[in-house]
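Following the hints, complete the assembly by docking chain D onto the known chain G.
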Amino acid sequence: MRFILKIWFALVAAALFAGAASAATFTATLDRDSMTLGEQVTLSLKFDGAQPQDAPGMPNIGGLQFQYVGPSSSFSFINGETKSSVTYNYIVTAQHDGEFTIPAMRANVGGQQLDCSPLKLIVYKVTPPSAAAVNSGNEIAFMKFTFPKKKVYVGEPVVGELQLYLRDDVQNLSGFQMTSATPDGFSAGKTVELSNQRRRVQVGNRIYVEIPLAMPLTAARSGTFPLGPFTASVVAVLPLQNQNGDPFSQFFNRGEQKQLTLATEAINVSALPLPEENKPAGFSGAIGSFEMSATAGPAKVTVGDPITVRVQISGRGALDTVALSTQDAWHDFKTYPPTAKLETRDQFGFQGTKTFEQIISPLNTDVHELPPLEFTFFNPDDGHYHTLKSPVVPLTVQAAGASPMPVLAATKNSPPENQPPQDILPIKEKPGTLVPAGTVLLAHPAFLAAQAVPVLAFFAAFVWRRRTDNLANNPRLRRRRAVAQLVAAGITDLKKYAAANQPDEFFATLFRLLQEQLGERLDCPASAITENVIEEHPVLRSAPKATLDGMRELFQLCNQARYAPVRGSSELNSVAGQFEKTISQLQEVKV
Amino acid sequence: MKGRFFHLACALLVMLACITKVLAADVNADFAAANKLYAEGKFADAAAAYENILKTGVQSPALLFNAGNAEFKAGHLGKAIAAYRQAEQLEPRDAELRANLAFVRNQVQGATLRESRWQNWVGSLTLNEGTLLTTVFFWALLALLTLKQIRPALAPGLRRVTQLAAVLVFFSGAVLALQAADHFRSAIAVVTSAETTARSGPFDDAQNAFTAHDGAELRVLDRHDDWVQTADNAGKIGWLNTNQVAVLPGA
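Protein sequence lines, in the order shown, are assigned to chains G and D.
When the letters of the first sequence are read in order and numbered with this note's numbering, they come out as residues 24 to 614.
When the letters of the second sequence are read in order and numbered with this note's numbering, they come out as residues 14 to 264.
Next up, chain G with everything else stripped away, as it sits in the complex (with noise of 0.2 Å):
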């Protein structure tokens, strides 16, 4: 039996493990193996059974990038065959054409080499359309490309024009997707369509929809370079040519589409370098055409107190490389890096107004105002360097103490409105309610505490309630403690009355006091008792007898003083000491 069982463990691991001792496999693929200069193709290596650590690395080739865009990953289980694979992706460009050959790449997976075979991609050049082929009328999209200038100095930008032209049947265009690298030595803004620009043409014998491009570039280092070809993709909607007489087809008629690879001429521009000469030591880097306008403020401070300078500089250029030199003539202020705020008026960011805020704070008393700011940049249209000048500022720079504490920028001591704030405000100068630290009132055991207290009063209101109301709800029990009151006042009365020796008043007291405690436990009117109820009222039938006995004496003693003749007031004492002691005992009897 143990044998048996073995062998089908033996088999079913067997079968579960069957796929993954199956043997790894290292595939290479191009989705195409053709393409236009410009285009891509995505190159995969696809790993069966077995995963590398890394993405493989890529073979140096002349004329081709390999840009790694991440792995994909496959996993099944079918009929007991486990299959695992992973992808890693690559998108491959071409700088020129020709036939490239990808070689053959090997991988180390998990101690075991594997190999994929080679590959060939043909890169075809994509050249312009000759002037005789446009002025034909036969191409379906052709693009132009021109620049405003020959020679730019480096970081001048420049907005090319890019023409795409289209021909009059052209139905619809989609798709459009420069393809080309952007030019060497030159860096590229984002290409924009000029809106409201477009317009029909006469090219040749046709009609053609002029689209125009706009190209920001700005050079990056000197030399000359050119500016193309420009490359682009497209998809033409183009009219169906043979529609069989069908009435239908012409409103249900999408057109066919083309795909269309399209190429502009190059152009040869230099790129010079700016001038070296008259180059003004405080130079930062700006090119093109500005105007500065700065103020400072508040001119009244104690030393060491900040003071926002506010520089706008506006007009055309590369704005966003626009930066503040170090003022070698505020030696006499602590400066702290400035802020940045950019607004351009066109789309390109070429023209608009860059402001800077910047808070200083001068070093001591003898700072009487704030040097010029100055700004220095290269204007490429006369190719000579320019220095703006802001006015001086005066200021009064008392010593620290001398005065309140100055407000920065605003009338209050608080951040300026609709503003970020430049730096910190400042300190205060009175220390304010001091506190002992860590003064929690919830942790404090006396706080927890005096909580009890309108907790306990609610509690204490509550019963107290309660028991007004179950007495106003309860005659009996109200007049029991009528009674009781009564009884108690009477003790007090009988005694004096037996200390003063007044029998009349000590029995009436008396003969009144049984009464009321009788008829209370009774539950009958005080007048209505006499001493018959001791032997006829059914509840005094199971009072102890020594109670009933002390009653009927008592009342006995009540009708002898009646006759009687006067008694002592010892005697009257101990008559006050029995009704005391049976009355307590008749309180004692259950109702």
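Some hints here could point you the wrong way.
[Said to hold, decoys possible] Covered by chain G, according to a simulated footprint, are these stretches of chain D (three or more residues, beta-carbon under 8 Å):
{"#": "1", "segment": "69 to 77"}
{"#": "2", "segment": "107 to 116"}
{"#": "3", "segment": "143 to 155"}
[Stated by the list, open to error] Within a straight-line C-alpha distance of at most 20 Å, the following computed PhoX-like cross-link-like pairs (lysine-lysine) qualify:
{"#": "4", "chain 1": "D", "residue 1": "K68", "chain 2": "G", "residue 2": "K453"}
{"#": "5", "chain 1": "D", "residue 1": "K49", "chain 2": "G", "residue 2": "K453"}
{"#": "6", "chain 1": "G", "residue 1": "K357", "chain 2": "D", "residue 2": "K55"}
{"#": "7", "chain 1": "G", "residue 1": "K323", "chain 2": "D", "residue 2": "K49"}
[Stated by the list, open to error] Now the stretches of chain G that chain D is said to cover, found in silico as 3 or more residues with beta-carbon under 8 Å:
{"#": "8", "segment": "452 to 464"}
{"#": "9", "segment": "482 to 495"}
Hints in this document: simulated from the structure, not taken from any laboratory.
Just so we're clear, the structure is a prediction, and the values are computed from it rather than from any experiment.
Idealized CB from N, CA, C, for every residue including glycine.
Just chain D, lined up with the frame of chain G:
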């Protein structure tokens, strides 16, 4: 005998008042001296002077505010934030304080903890203010309930006020519960050294977990000897030595 006790109590009270006055006068003088150092641009000295006042066991929002300013000017972002946060716990609605705290926080590099909206809302009251407010509503509610027991005839007229008091007790109590939970159960560590490395365990040789910059605010998860386990907003967890951070209550 009674007269003697009365005289003794009076003498103690007068002595206490005198000591308080003398202490307050000392603090005022020290505070002014620290302010003078600040005005002269001696920010590190000013920060030390404010710190000395705080070491006497007293504090005030203005004192902590100035300490924060001095620390910031001296280039200590973390210590400035710690001081501002402590001041914020005493006076959370001070616009100048909030402005300076926001300004300094903007200078901090890297990931840092930010209060959620409800924490900001709850934090607009100090814990003591929340406690007093809840206490006032609670006492008012119980006073009304007690009055209704003593004078039942007033009950119909007091119904609306009692309901309002009950609602106020409920809501202020809920806010107080949140504040108390934040204050007593959570803590914040503010990095006070220029750049510090959080470790994967509470010992110096542990592996690096992440790097925190001066002024980074981190949530404290646990403590062990001289180490606090912290987490930043991105969820990174690591141990920092307590001499690299200032640990503050959550609210």
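We went through each hint and held it up to the structure:
Under a criterion of three residues with beta carbons nearer than 8 Å to beta carbons of chain G, the stated coverage of the segment 69 to 77 of chain D is upheld, 7 such residues being counted. With 6 residues having a Cβ less than 8 Å from any Cβ of chain G, the segment 107 to 116 of chain D passes the three-residue criterion, so the hint holds. Taking a C-beta to C-beta cut-off of 8 Å, the segment 143 to 155 of chain D contributes 6 residues in contact with chain G, enough for the three needed, and the coverage statement holds. Only pairs whose Cα atoms come within 20 Å are accepted, and D:K68 paired with G:K453 is accepted, the gap being roughly 18 Å.
For the proposed pair D:K49 and G:K453, the alpha carbon gap of about 12 Å is at most 20 Å, so the pair holds. Among the hinted pairs, G:K357 with D:K55 is consistent with the structure: their alpha-carbon atoms are about 13 Å apart, no more than 20 Å. Taken as a hint, the G:K323 and D:K49 pair is honoured in the structure, with Cα atoms around 18 Å apart against an allowance of 20 Å. Taking a C-beta to C-beta cut-off of 8 Å, the segment 452 to 464 of chain G contributes 12 residues in contact with chain D, enough for the three needed, and the coverage statement holds.
Against chain D, the segment 482 to 495 of chain G contributes 4 residues with a C-beta closer than 8 Å to a partner C-beta. That satisfies the three-residue criterion, and the hint holds.
The earlier numbered hints are all upheld by this structure, with none contradicted.
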